[in-house]
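Between the sequences and the hints, there should be enough to build the whole structure, so can you do that?
Under UniProt numbering, the first residue of the sequence shown is numbered 1, with each subsequent residue one higher.
Bear in mind the hints are in silico, worked out from the structure with no lab data behind them.
Since we're looking at a predicted model, the values are computed, not measured.
Each hint should be verified, as a subset may be incorrect.
Beta-carbon label-pair distances, calculated as ranges [unchecked claim]:
#1 I54 with P26: 23 to 29 Å
#2 V3 with I79: 26 to 32 Å
#3 A83 with L50: 17 to 23 Å
#4 V3 with A82: 34 to 40 Å
Don't be surprised by glycine CBs; every beta carbon is placed ideally from N, CA and C.
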Amino acid sequence: MDVLWNIIVLIVIGAVAGFIARAVIPGKQSMGLVATVVLGVIGSFVGNLLGSLIFDGEFSFGTAGWIGSIIGAIVVLGIYVAATSKNRRVTR
1 MDVLWNIIVL
11 IVIGAVAGFI
21 ARAVIPGKQS
31 MGLVATVVLG
41 VIGSFVGNLL
51 GSLIFDGEFS
61 FGTAGWIGSI
71 IGAIVVLGIY
81 VAATSKNRRV
91 TR
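As C-alpha coordinates, this is what we get:
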(Lines of atoms letter the chains of each structure in order from A and count residues from 1; the text may use other names and numbers.)
(Lines give C-alpha, C1' and ligand atoms only; values in the text may rest on other atoms or scores of the structure.)
Protein backbone atom coordinates (compact mmCIF):
# COMPACT_ATOMS: atom_id res chain seq x y z
CA MET A 1 0.00 0.00 0.00
CA ASP A 2 2.93 2.32 0.69
CA VAL A 3 4.19 1.99 -2.90
CA LEU A 4 0.75 2.78 -4.31
CA TRP A 5 0.51 5.89 -2.13
CA ASN A 6 3.95 7.09 -3.32
CA ILE A 7 2.92 6.62 -6.96
CA ILE A 8 -0.31 8.57 -6.42
CA VAL A 9 1.58 11.42 -4.72
CA LEU A 10 4.15 11.45 -7.54
CA ILE A 11 1.38 11.70 -10.16
CA VAL A 12 -0.39 14.51 -8.29
CA ILE A 13 2.83 16.49 -7.78
CA GLY A 14 3.75 15.85 -11.42
CA ALA A 15 0.38 17.07 -12.66
CA VAL A 16 0.49 20.28 -10.60
CA ALA A 17 4.13 21.00 -11.50
CA GLY A 18 3.47 20.30 -15.19
CA PHE A 19 0.43 22.59 -15.34
CA ILE A 20 2.28 25.40 -13.54
CA ALA A 21 5.28 25.02 -15.86
CA ARG A 22 3.01 25.18 -18.90
CA ALA A 23 1.42 28.36 -17.51
CA VAL A 24 4.82 29.99 -16.88
CA ILE A 25 6.54 29.18 -20.17
CA PRO A 26 5.15 31.39 -22.96
CA GLY A 27 3.89 29.97 -26.22
CA LYS A 28 1.73 27.05 -27.17
CA GLN A 29 2.85 23.63 -26.01
CA SER A 30 0.85 20.92 -27.71
CA MET A 31 0.73 18.47 -24.81
CA GLY A 32 -2.10 16.40 -23.47
CA LEU A 33 -2.84 15.55 -19.87
CA VAL A 34 -0.55 12.51 -19.78
CA ALA A 35 2.35 14.43 -21.33
CA THR A 36 1.85 17.22 -18.78
CA VAL A 37 1.99 14.72 -15.90
CA VAL A 38 5.10 13.09 -17.39
CA LEU A 39 6.66 16.55 -17.74
CA GLY A 40 5.99 17.21 -14.06
CA VAL A 41 7.36 13.83 -12.95
CA ILE A 42 10.55 14.32 -14.98
CA GLY A 43 10.72 17.87 -13.64
CA SER A 44 10.51 16.52 -10.11
CA PHE A 45 13.51 14.30 -10.70
CA VAL A 46 15.41 17.16 -12.37
CA GLY A 47 14.51 19.46 -9.46
CA ASN A 48 15.80 16.83 -7.04
CA LEU A 49 19.05 16.55 -9.01
CA LEU A 50 19.52 20.34 -9.12
CA GLY A 51 18.71 20.69 -5.43
CA SER A 52 21.16 17.99 -4.45
CA LEU A 53 23.89 19.56 -6.58
CA ILE A 54 23.29 23.01 -5.12
CA PHE A 55 22.66 22.22 -1.46
CA ASP A 56 24.12 18.98 -0.17
CA GLY A 57 26.01 17.40 -3.05
CA GLU A 58 24.51 13.96 -2.50
CA PHE A 59 21.93 12.78 -5.03
CA SER A 60 19.14 10.46 -3.98
CA PHE A 61 16.71 9.11 -6.57
CA GLY A 62 13.46 10.64 -5.42
CA THR A 63 11.13 13.57 -5.81
CA ALA A 64 12.04 17.13 -4.99
CA GLY A 65 8.86 18.34 -3.32
CA TRP A 66 6.56 21.06 -4.61
CA ILE A 67 8.95 23.93 -5.30
CA GLY A 68 11.76 21.76 -6.65
CA SER A 69 9.31 19.90 -8.88
CA ILE A 70 7.92 23.12 -10.31
CA ILE A 71 11.39 24.56 -10.96
CA GLY A 72 12.51 21.29 -12.53
CA ALA A 73 9.40 21.13 -14.73
CA ILE A 74 9.99 24.71 -15.89
CA VAL A 75 13.59 23.83 -16.79
CA VAL A 76 12.55 20.67 -18.65
CA LEU A 77 9.73 22.43 -20.51
CA GLY A 78 12.01 25.33 -21.43
CA ILE A 79 14.51 22.91 -22.92
CA TYR A 80 11.71 21.05 -24.73
CA VAL A 81 10.28 24.26 -26.22
CA ALA A 82 13.73 25.47 -27.28
CA ALA A 83 14.55 22.13 -28.90
CA THR A 84 11.25 21.79 -30.77
CA SER A 85 10.63 25.42 -31.71
CA LYS A 86 9.84 25.83 -35.40
CA ASN A 87 10.75 29.52 -35.42
CA ARG A 88 14.38 29.17 -34.46
CA ARG A 89 16.81 31.48 -36.17
CA VAL A 90 19.82 29.92 -37.78
CA THR A 91 22.89 32.14 -37.67
CA ARG A 92 25.69 31.65 -40.12
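Problem set entry | Broken hints, by number | none
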